[in-house]
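Chains as they are written, first to last, in our numbering: chain A, 25 to 235; chain B, 32 to 366.
The set of hints was computed from the structure by calculation and includes no laboratory data. Bear in mind that the values here come from a model prediction, so they are computed numbers and not experimental data. Among the clues, some could well be false.
[Unchecked claim] Below are the BS3-like pairs computed for lysine-lysine, each with C-alpha atoms no more than 27 Å apart in a straight line:
#  : chain 1 : residue 1 : chain 2 : residue 2
1  : B       : Lys250    : B       : Lys202
2  : B       : Lys118    : B       : Lys253
3  : B       : Lys327    : B       : Lys202
4  : B       : Lys192    : B       : Lys202
5  : A       : Lys78     : B       : Lys118
6  : B       : Lys200    : A       : Lys78
7  : B       : Lys250    : A       : Lys78
8  : A       : Lys235    : B       : Lys37
9  : B       : Lys253    : A       : Lys83
10 : B       : Lys253    : B       : Lys231
11 : B       : Lys37     : B       : Lys192
12 : B       : Lys231    : B       : Lys56
13 : B       : Lys118    : A       : Lys46
14 : B       : Lys200    : B       : Lys327
15 : B       : Lys200    : B       : Lys231
16 : B       : Lys253    : A       : Lys235
17 : A       : Lys235    : B       : Lys250
18 : A       : Lys235    : B       : Lys118
19 : B       : Lys56     : B       : Lys250
20 : B       : Lys200    : A       : Lys52
21 : A       : Lys83     : B       : Lys250
22 : B       : Lys118    : B       : Lys192
23 : B       : Lys231    : A       : Lys83
24 : B       : Lys250    : B       : Lys231
25 : A       : Lys235    : B       : Lys56
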Amino acid sequence: MEHFALWVAAFLTLGIISFLYKDNPWYKVTEAIFVGISAGYWVVVLFWDNFYGKFWVGKDNDSMLYVGGLLGLLMLMRLIPKIGWISRWPLAFIVGATSGLWMMNYFASNIMVQIQGTIVPLFSANFGEGMNAGYSTVIGNLVIFIGTFTGLVYFFFSKEHKGVYGVGARVGIFFLMITFGAAFGYTVMSRMSLLIGRLDFLFGDWLGMIK
Amino acid sequence: MSTRIKEIISMVIITAFVVVFYFGKINGWESIEFSATVSYICILLLLLALLWVLVLTLRGQLIGRRVVFLFVGISVTIPLFMSLEQKINVSPEVRSIYDTVIALPPGSRVLVSFDFDPPTAPELQPMAETFLQLCFERDLKVIIMGLWPQGPQQANLALEKVLDLDVIKEKNLQYGIDYVNLGFQTGNEFVIQRMGSSFKSMFNTDYRGTPYDDIPLVKNIKNFSNIDYSFNLSAGFPGTIEWVQIAVDRYGLLLSTGSTAVQAPQVYPYLNAGQLNGILGGMNGAAEFEKVTGFKGKGTKYMLSQSFSHIIVIAFIFIGNVAFFRSGRKSLLKR
């Protein structure tokens, strides 16, 4: 059984990689298997964990679950064109509730605390004890200050980007580009990691060529 | 020779290669490891090949995309066979996690959330194994959970590997007393929110079906206030961002994260603002964590391939620009 599982995994991995050569039936079969299994897996997970595990088992102890069940049922009305408009009600509830819940989370964590984290002393946190911050801290704090300030200048469109203001906006663009570059670099690393993982499987687990 | 015949010949060669090595593995062939000399020769050949591509480009002969794929494939595969070691510097955000964990007194309760699935395992699994090993060596109590359906299964794989190590075997760790896997719970970020008031409301039973109150390790744990430290292995949503927004900022949980490289730039701002105790960003983070803990694993092994592939990508960005300035830009200017 172990050998069979290894060969199936290797067959599917090679099928996906074969797309790099050109589109082919092997790739299409592999892709279809992946999509089918993913969809099937999620249906089973959601049915047993959400519908059965939460609603069916818990409905006797918590009558509020019936409200959720009813909203879920109304969502399915979309399948009947004549009364499809009913599905907008549960959708409106989800959008409204999610927005309300997340607004506070984002405001607290991604706005307030982040602003607080940006307002740092440029040279030292302990003025009374002298300028004891290391060079890297000082440079880091300056970069945060200049990057945040010029980034905000770039996104302020009520004034034309000319003169000193234009220079600030241009510096802001550089900071944005460096940020995007760093994100791209990390993305490359992530994608390469996936490839390394698959090749390690092929040459290691499957063929036993690598320790 | 037609393309079809070339394709058939290639397939036959690959199949023969696979069959030979597979039966070799079954018959106990040893794995291959290049010596330092062979490794340096491979590096030299790879650099010469890149130089050759550059010369071709300068001559105006552009290479196809398949050649680029081949180069990336070779640059990732060859280092897996090498015995060379790459120098790894430990960054402050990685050291911070190590320093905090080793400062925890024995018996402290650590919550580890496995919020990823097999596709991102090459990056996150080495982090999970290293973190669990460090916790067990320091006699910390580990509580495992997952917001992704396959997270707890990944946790079991990591546990299986770590518990099989001699140093950990000696400790004779008991399931339910020293560590527990509470399993997956559906509900994404709302699970975290409910855990803020009651763990039990979200995890009636553990992964094996044992009722929450019958598990010695967790029966006295009510909510996040009973957790001393937490580590989140995150591959997306729900993950570190949700843990920070709810568990950290609302309930004051001390959290560190091991996230995929794609997600790392999104969570770094939380580090500077003090919302995260530390970050392991992608495979590099995993390798750094292995270095600081001294547990050499797959993160370190994979880093050589990672570095080689990055060199290839940078080289081809350069070669691509050379091709652009040589041909493309001229024609663009003519327009």
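Verification of the hints:
Among the hinted pairs, Lys250(B) with Lys202(B) is consistent with the structure: their alpha-carbon atoms are about 23 Å apart, no more than 27 Å. For the suggested pair Lys118(B) and Lys253(B), the alpha carbons sit about 44 Å apart, so the restraint of at most 27 Å is broken. Straight-line distance between C-alpha atoms of Lys327(B) and Lys202(B) comes to about 20 Å, which keeps the hinted pair within the 27 Å bound. Proposed proximity of Lys192(B) and Lys202(B) is supported: the alpha carbons are some 15 Å apart, at most 27 Å.
At most 27 Å may separate the alpha-carbon atoms for a hinted pair to count; Lys78(A) and Lys118(B) exceed this at roughly 50 Å. Only pairs whose Cα atoms come within 27 Å are accepted, and Lys200(B) paired with Lys78(A) is rejected, the gap being roughly 38 Å. The suggested pairing of Lys250(B) with Lys78(A) holds, with an alpha-carbon distance near 22 Å, which does not exceed 27 Å. A threshold of 27 Å between alpha carbons decides the hint, and for Lys235(A) with Lys37(B) the separation of about 33 Å lies outside it, so the pair is violated.
Restraint check: the Cα-Cα separation between Lys253(B) and Lys83(A) comes to about 24 Å, which is no more than 27 Å; the hinted pair holds. For the hint linking Lys253(B) to Lys231(B), the alpha-carbon distance of about 7 Å falls within 27 Å, and the restraint holds. Between Lys37(B) and Lys192(B) the CA atoms are separated by roughly 43 Å; this puts the pair beyond 27 Å, and the hint is violated. Between the alpha carbons of Lys231(B) and Lys56(B) the distance comes to roughly 47 Å, so the proposed pair goes past 27 Å and is violated.
Under the criterion of a C-alpha separation no larger than 27 Å, the hint pairing Lys118(B) with Lys46(A) is inconsistent with the structure, at around 38 Å. Straight-line distance between C-alpha atoms of Lys200(B) and Lys327(B) comes to about 18 Å, which keeps the hinted pair within the 27 Å bound. A distance of roughly 30 Å separates the Cα atoms of Lys200(B) and Lys231(B); the hinted pair therefore is violated under the 27 Å criterion. Of the supplied pair hints, the one linking Lys253(B) and Lys235(A) is violated, its CA atoms being roughly 44 Å apart against a limit of 27 Å.
Note on Lys235(A) and Lys250(B): the hinted pairing is violated, with a Cα-Cα distance of about 42 Å set against a maximum of 27 Å. As the CA atoms of Lys235(A) and Lys118(B) are separated by approximately 21 Å, the hinted pair is consistent with the 27 Å bound. At roughly 47 Å between alpha-carbon atoms, Lys56(B) and Lys250(B) are farther apart than 27 Å, so this suggested pair is violated. Proximity of Lys200(B) to Lys52(A) is assessed by CA-CA distance (about 46 Å); at most 27 Å being required, the pair is judged violated.
A threshold of 27 Å between alpha carbons decides the hint, and for Lys83(A) with Lys250(B) the separation of about 25 Å falls inside it, so the pair holds. The straight-line distance between the Cα atoms of Lys118(B) and Lys192(B) is roughly 26 Å, inside the 27 Å bound, and the hint therefore holds. Simply put, Lys231(B) and Lys83(A) have alpha-carbon atoms about 17 Å apart, close enough for the 27 Å limit, and the pair holds. Proximity of Lys250(B) to Lys231(B) is assessed by CA-CA distance (about 9 Å); at most 27 Å being required, the pair is judged to hold.
Only pairs whose Cα atoms come within 27 Å are accepted, and Lys235(A) paired with Lys56(B) is accepted, the gap being roughly 11 Å.
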